[in-house]
Amino acid sequence: MTYAGDVAALARKDLLLELRAKETLPSMLLFVIAALTIFHFALPRGTSHAAALGLLWAALIFTALLGLTRAFVAEREQGMFDALVLAPCDRSAIWLGKALAVLAFLVAAEVVALPAFAAFFSGVDGRTVAAVALADIGIATVGTLFGAMAVAGRARELLLPLLFLPMAIPIVAAGVGGYLWFLAGYDAIFAVLSWAAFEYVVAET
Amino acid sequence: MRLPALATACTGLVGLALALIFFYAPTDADQGFSQRIFYFHVPIALTSYACFGWGAWKALRYLRTRDERADLESYVAIHQGVIFGALTLVTGSIWAKASWGVWWSWSENELVLFLVLFLFYCAYFMLRFSVDAGPARANMSAVYALFGVVLIPVSFLAIRLSQKFIHPVVFNSHGPQMTNAQFFVFCVSFAAVLTLFATLYQVELAGKRLDAHVRELRELLT
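Going down the list, the sequences are from chains A and B. Residues 1 to 205 in our numbering are what the first sequence spells out, letter by letter. Residues 206 to 427 in our numbering are what the second sequence spells out, letter by letter.
Wrong hints could be hidden among the right ones.
Chain A regions said to be covered by chain B (calculated; three or more residues, Cβ under 8 Å) [said to hold, decoys possible]:
hint	stretch
1	144 to 154
2	160 to 167
3	173 to 181
4	190 to 204
Here are the computed distance ranges between Cβ atoms for each label pair [unchecked claim]:
hint	chain 1	residue 1	chain 2	residue 2	range
5	A	Ala203	B	Asp235	54 to 60 Å
6	B	Phe228	A	Ala203	53 to 59 Å
7	A	Arg127	B	Gly217	54 to 60 Å
8	B	Arg365	A	Ala130	18 to 24 Å
9	A	Gly178	B	Asp235	35 to 41 Å
10	B	Gly237	A	Gly46	40 to 46 Å
11	A	Tyr3	B	Ala303	56 to 62 Å
12	B	Gly412	A	Trp195	23 to 29 Å
13	B	Trp309	A	Ser122	46 to 52 Å
14	B	Phe388	A	Phe41	52 to 58 Å
15	A	Trp195	B	Ser239	55 to 61 Å
16	A	Trp195	B	Asp235	48 to 54 Å
17	A	Gly178	B	Ser239	26 to 32 Å
18	B	Gly237	A	Val73	55 to 61 Å
Don't read these hints as lab results, they were simulated from the structure. Even glycine gets a Cβ: it sits at the ideal position worked out from N, Cα and C.
Produce the entire structure from the sequences given, and follow the hints as far as they go.
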């Protein structure tokens, strides 16, 4: 199989699993709506658009974290990792397939979250949508790599937020300001780095 | 053994730097006596970057050579980096209190960057201690350490984009904005802190190696 074929097969497997088990996406959707509701009560009445927009970013990062925590659970619990590592495909294909599946979940959650935000608080402009889309790529690439690291440890669910949140600070800082070029650069740098590093994370030697 | 010589040099340099800072360096016309903390704060911060850089270099060496010593060296360098990073946060806070009247200023980019790096590298220890020792742990630690050095410039840019710039810019494209006497004291102080790092690095490394050696011997006996 070609590299693209491997990636497509792996991403398809994750999406199929989700379609049948319906574990991750519904919880992400519920979480983001509940978080926005909490923010409505946390913010004082008549808050500016800028303050609400900042909280939208916080909600999106934490929702992504929820999805990323689940990303490799099936692999670890059912011993899939060993099989995947043994499979005759490039190991970075495992990362790319998983990152694509995570990206699909993120986009699906945001298709609901952004209109909900617009309805609850104030409208979102095209720049915010573009920034969120670019941020998703960065979150999916780095998050998938760190997710694979976190499941190897004993702390698992506890570890991923600690590893991932410092990496997400630049995303939020630039996303709130709407610096699209910065987000694109972040995506490019860390996608290449994660793609190259994944092999070492799953290798046992 | 290099360690005693290094420790002697370190003691001498730190003593010299302290003497110069308190008795030789000119008092700043604008900030007065409190400006002297500059000679601690900036060398410690730069040393902390040097630690993280050295740790990442050793991590890269590990990924290429699979030498277990490089993994240990990378860990020790990052451990020292986090200690110097914590000191940077503390001295920066004290300086901010003395010169701006607040303990913490979000508009001070360097300080915010150190907070981000401190959070990032503290998670390094969580990662390292939650995975069993072995090649898998060494690999992950190395990958994480490499992400760290890439995160430094990326975070710095993001923080700079997101806020105003009020931090005193001592080094700019026209060279250091200091008098000759100030620059001399700064250099001595920087050399002292770097030697301090080298000494602590060697001490911790020696301890960790001894620890590993004892464990090997114990396993042979049982």
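Comparing the hints with the structure gives:
1. 144 to 154: holds (count 6)
2. 160 to 167: holds (count 5)
3. 173 to 181: Per the Cβ count (5), the hint holds.
4. 190 to 204: holds (count 7)
5. A:Ala203 <-> B:Asp235: 54 to 60 Å: holds (55 Å)
6. B:Phe228 <-> A:Ala203: 53 to 59 Å: For Ala203 of chain A against Phe228 of chain B, whose Cβ atoms are near 56 Å apart, the range 53 to 59 Å holds.
7. A:Arg127 <-> B:Gly217: 54 to 60 Å: holds (58 Å)
8. B:Arg365 <-> A:Ala130: 18 to 24 Å: holds (22 Å)
9. A:Gly178 <-> B:Asp235: 35 to 41 Å: Holds - the Cβ-Cβ distance for Gly178 of chain A and Asp235 of chain B, about 37 Å, lies within 35 to 41 Å.
10. B:Gly237 <-> A:Gly46: 40 to 46 Å: holds (45 Å)
11. A:Tyr3 <-> B:Ala303: 56 to 62 Å: holds (58 Å)
12. B:Gly412 <-> A:Trp195: 23 to 29 Å: Because 37 Å falls outside the window, the suggested range is violated.
13. B:Trp309 <-> A:Ser122: 46 to 52 Å: The hinted range 46 to 52 Å is violated for Trp309 of chain B and Ser122 of chain A, with Cβ atoms some 30 Å apart.
14. B:Phe388 <-> A:Phe41: 52 to 58 Å: holds (55 Å)
15. A:Trp195 <-> B:Ser239: 55 to 61 Å: Violated, at about 48 Å.
16. A:Trp195 <-> B:Asp235: 48 to 54 Å: holds (50 Å)
17. A:Gly178 <-> B:Ser239: 26 to 32 Å: violated (39 Å)
18. B:Gly237 <-> A:Val73: 55 to 61 Å: Because 58 Å falls inside the window, the suggested range holds.
The structure does not agree with the numbered hints 12, 13, 15, 17 stated previously, though it agrees with the rest.
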